[in-house]
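Based on these hints, arrange chains B, C and D on the given structure of chain A.
Chains as they are written, first to last, in my numbering: chain A, 11 to 360; chain B, 11 to 360; chain C, 11 to 360; chain D, 11 to 360.
Check before you lean on any hint, since a few could be wrong.
No copy is singled out in the list; a pair is fine if it fits within one copy or between any two copies.
Stated by the list, open to error - In silico DSS-like pairs for lysine-lysine, Cα to Cα no more than 25 Å straight-line:
| id | residue 1 | residue 2 |
| --- | --- | --- |
| 1 | K332 | K132 |
| 2 | K232 | K132 |
| 3 | K125 | K332 |
| 4 | K59 | K125 |
Honestly, the hints are just simulated from the structure, not real lab data.
Number of protein chains: 4
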Amino acid sequence: MNFASDNWAGAAKEIAASLQEHSDGFSPAYGASDLDQALERRFNDLFEKEVAVYFVGTGTAANSLALSSMNRPGGFVLCHREAHLIEDECGAPEFFTSGARMAPIDGEMGRMDPKLLLDGLKRFDPSFVHHGQPMAVSLTQSTESGSVYGIDQLNEIAEITHRYGLPLHMDGARFANAMVRLGVTPAEMTWKAGVDVVSFGATKNGCWCAEAIVFFDPQAAKQLPFIRKRAAQLFSKTRFIAAQLHAYLDDDLWIRLATHANAMAERLIEGIQLKTQIEMAWPCESNELFVTMPTQLAEQLEQAGAKFYPWPVPNWFNHEMKSGEGLYRLVTSFATSEADVDQFLDLLPK
Amino acid sequence: MNFASDNWAGAAKEIAASLQEHSDGFSPAYGASDLDQALERRFNDLFEKEVAVYFVGTGTAANSLALSSMNRPGGFVLCHREAHLIEDECGAPEFFTSGARMAPIDGEMGRMDPKLLLDGLKRFDPSFVHHGQPMAVSLTQSTESGSVYGIDQLNEIAEITHRYGLPLHMDGARFANAMVRLGVTPAEMTWKAGVDVVSFGATKNGCWCAEAIVFFDPQAAKQLPFIRKRAAQLFSKTRFIAAQLHAYLDDDLWIRLATHANAMAERLIEGIQLKTQIEMAWPCESNELFVTMPTQLAEQLEQAGAKFYPWPVPNWFNHEMKSGEGLYRLVTSFATSEADVDQFLDLLPK
Amino acid sequence: MNFASDNWAGAAKEIAASLQEHSDGFSPAYGASDLDQALERRFNDLFEKEVAVYFVGTGTAANSLALSSMNRPGGFVLCHREAHLIEDECGAPEFFTSGARMAPIDGEMGRMDPKLLLDGLKRFDPSFVHHGQPMAVSLTQSTESGSVYGIDQLNEIAEITHRYGLPLHMDGARFANAMVRLGVTPAEMTWKAGVDVVSFGATKNGCWCAEAIVFFDPQAAKQLPFIRKRAAQLFSKTRFIAAQLHAYLDDDLWIRLATHANAMAERLIEGIQLKTQIEMAWPCESNELFVTMPTQLAEQLEQAGAKFYPWPVPNWFNHEMKSGEGLYRLVTSFATSEADVDQFLDLLPK
Amino acid sequence: MNFASDNWAGAAKEIAASLQEHSDGFSPAYGASDLDQALERRFNDLFEKEVAVYFVGTGTAANSLALSSMNRPGGFVLCHREAHLIEDECGAPEFFTSGARMAPIDGEMGRMDPKLLLDGLKRFDPSFVHHGQPMAVSLTQSTESGSVYGIDQLNEIAEITHRYGLPLHMDGARFANAMVRLGVTPAEMTWKAGVDVVSFGATKNGCWCAEAIVFFDPQAAKQLPFIRKRAAQLFSKTRFIAAQLHAYLDDDLWIRLATHANAMAERLIEGIQLKTQIEMAWPCESNELFVTMPTQLAEQLEQAGAKFYPWPVPNWFNHEMKSGEGLYRLVTSFATSEADVDQFLDLLPK
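With the rest of the complex left out, here is chain A (with noise of 0.2 Å):
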């Protein structure tokens, strides 16, 4: 009954295999081998687009680098307030970019209101060199809050960044989740809605360390190579990134893996609908549920063996929080499995 998050699971079985089928023999370091090369080609396909393509170890690292590409002095990227970079990364955004500030904006269910990132656009003057200035627009795929930005949403979002001549970055750490909950294409979900950067996450899908920042204007990461190696994070043995993400997406696994972990948020979302102390906070639309409970039911389910996060009150939630109550995150992953979701509504009283 493990439901603390989508990293607390190992690497899928697909995964694993295709790891131990590639450690024998030898092959170009750093990115030169065959199957490093033949992974580069194939995000061409899975885009519909040929795209530059680089490969790191982490998604903090896949975000850093990716705003690194796109620095300016003084800058500034404009993120939801509850965005993984201004609350997870420890300052690497901001190291990374020798500086960049993150700024907040706000908006319900984790996605930027359109009309404060317009706002917060706005306040900066090309001339008045004190504010600084805005350097590129970061939207997370699905939220930090559960929810998803449909498409309309993204091109309302891209519209306005590029308005103002920047860059639109996607954090796609669960990129597969939202991608199945919208029944869309990755290049639906990316570049023809206005995104011009992803950070294209497996590590939280399946795989053990694998992530990747996708370019759509090869023209813009012209730099990458040089930023990502100062940045210690191309890999010597690189085949091994290059096996994991290979299985990721044979036959459609990656797609599998999310489209299981969605269902099981699904599978939990139906039995909590059923029971009376515990409630739904607001509406989730991939593999991360927020619900209201008592905290001492949570304290119980804690004790019989379930493993979940309480989490901190968004500005946007106006639901009144009564006394005695929790809002708490549930995560289902690739390995949530049928039996963990039944017992743990099992443990939920009526």
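Same frame as chain A, now just chains B, C and D:
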């Protein structure tokens, strides 16, 4: 017949099996699992001392973050002219230290000359800010030239370093090969010889990607958790590194792998010494051999399927290169087979 | 009738005369002259304590280098939402700290609310690296809103800051105006009230460009000589800063200049209080006044030659702005004359 | 008898008078005043071309920010081994570029050897990230050894630099002395000879603190306003720099000052050539002389009140230093008088 680099090998079969074994189930992320924490304790035993250890994904990261923890404004790191820090990390040490300099110290066989190190340190006058200030000394064990610092040599470097109040860092990308050569313990080759921090490399010796930064004074590492996270080197599924390193240390696997690599180097050397057109450029003390041979012979070997790299002639190499002759590097590893070595030797003319 | 900013004034005549006087002859560069060193000693007397003092050219440099000396990886500096550090330095504090964040703390009248500061500090759990860590608290005296922290308020902020083991920095761009207002000594407004480092500003109060970073614990400043030189803030002809500051301190010139600036603000306030269409937005405690008036009146004043700036409405300003009304800032300085003030007041309708 | 450095002088009397003159009254801060803007236009005339010019406070800032505008990840700046960038800026160029390296190029008389520069550039293979990449070439005019690049030599360096697609920076801390020596115009010594950006120094030649970064392609300077502000080099009362530089350029004051400095150097040389115990180490082409003499004589001169520095022997200086002999630097400036020179010469034994 692959002697291109020890990072052209994949993973040792025990490492691959350990990853397979630990891929199932849930465990806390970001270094908090039992497996992670048992590994940290295991390093205390390994080094016979309470150490602070931090795991990262690349050797460049290990080196750069170790130096980052020693950082001083306007700082200089004194290291051998051919050090990986200087030659092969695309400015990562400079980047992670916000601009420290790598100051080249000359010395034969890839080892810093203690007298020149002392001269390098003497030039800094603490009251003269214009030149900057020394912040650390870093040596590579085994060196980029395949040599090994003896214990006395380590002590001498350490004594000079500490005389100037500086920490001594060891780039141990090939730690095991050097240790096996010297026939000493990990403690004897590090803190007992005056080393303060070591980049303990495991990738080249059979792991996929597993490097440890080991501080012999845990107080000096207090900021490392933040330094590592900010550097995007805190993996979420840390157990994939832990699984590699547990297997690496189990039953002295790491020593057996390095012993094999060194033995394969010995076998190559013995064979080469019987040949007339190829000769050892200088003595090999670990798993990197440097040979001189006619470029035409090198081409023939390559056409016959042997992989190895031509190498720039070091400034301390006094051998007069004959016309048509080149310097080449051959690297053996855990994955080198006797058959590979013999096949290579058979290709060499008498 | 220039109330645009205190940095629109030039230099006080005593400062200009001192520069003239010291322009001849030779003296050691880079802070080594007798004049430079006498000035350093003079700061001990000024603050009644042995201090470490470093002279730089801009207030942004003073603030940024002070913070740089307190730097921690993933660090946060807590300061008021409207602090110069946040609003007006184009990312310099972030740049010089290689990516520290400026965390906004709210509070009325431009002063941090101690309770909110405490909340801001409580959110950091030292064992949770993802959020980063606090590294300093910075307050501005007098504030960006023209208010002044009383000694008790300074003590309260300092107590909270030190409870978390952090240093307290004071941005004293308008140090003299606040001190004159409080009627205290430099020591009383700084270290005796718990301030650890102050950016002692002199530029706005009559110098051309002269700012001092004063450390009350000289040990904490040990790296500053290198930090300053690396920041390109060690001038070669340092005596031009020393010449300014000697004149600034001679015969309490600095106190006289600030007293004059504050008195001119008082004179403005008194006049404004007799008028009907303009009113003080909130009390002025130093040399910056904030007024509300019809935008049409503001335009008329500008056309008549008055210089001042419209100002963004702070989030703590609860006054309901009437339609057609704006918020404006008026700044007085050593260079403001009674005639200027009276001429401005005469332009205001009864 | 002060020949320690040209920055031991104060300010030329015309500069001091200009500061005095402009110290009254109000004018817009941060470069927006009429005086500031007239100065910017004046640089177009000075260089016979539309340029982008940014004023800063120190030569280190001018150099570092110029390089910052050319920055590339893993970047190298190729410059002479004795360049101020390498020897005297405490890592500022590295810091402001977030870790670029200064790569030493050897060459006689303080001038880069074009062949060695070419070799330095050739070692970078654009597809090999490990070594990093070149980002700029920087030369010093006049050099740290008192020599001057002739126009042909500048053209040769520029041709090589541009062949590799790199910008050429000139550190012109002693721009005027070189220009006067060559008898050319500012345009001829810069963009007409292939220089892309110059640090136009005025401090050493009679200002207090006034340096200009001049870009001959204004497009290349687009980020400079933000780079400068973020670097804490945008002064609030910019007119104090403008006042210095207007006076500096008025009636060719700067040329007269440099002509005087060079003439004083000539006078010294002529006198020295008549003496037996002291001799020119190498030819002087501007206002820095390097001499050899017995250390005992040097001590006697110092005791008699002469100021000058001993100097490290350059690696290209093939003169065999006799036992008891030292190398010394003598610098003349706008403030050096004939009487000073003659008094010094009189102290020298026949």
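Now for the hints, and whether the structure bears them out:
| no. | hint | in the structure |
| --- | --- | --- |
| 1 | K332 x K132 | between (39 Å within a copy, 23 Å between copies) |
| 2 | K232 x K132 | between (30 Å within a copy, 20 Å between copies) |
| 3 | K125 x K332 | between (31 Å within a copy, 24 Å between copies) |
| 4 | K59 x K125 | neither (31 Å within a copy, 44 Å between copies) |
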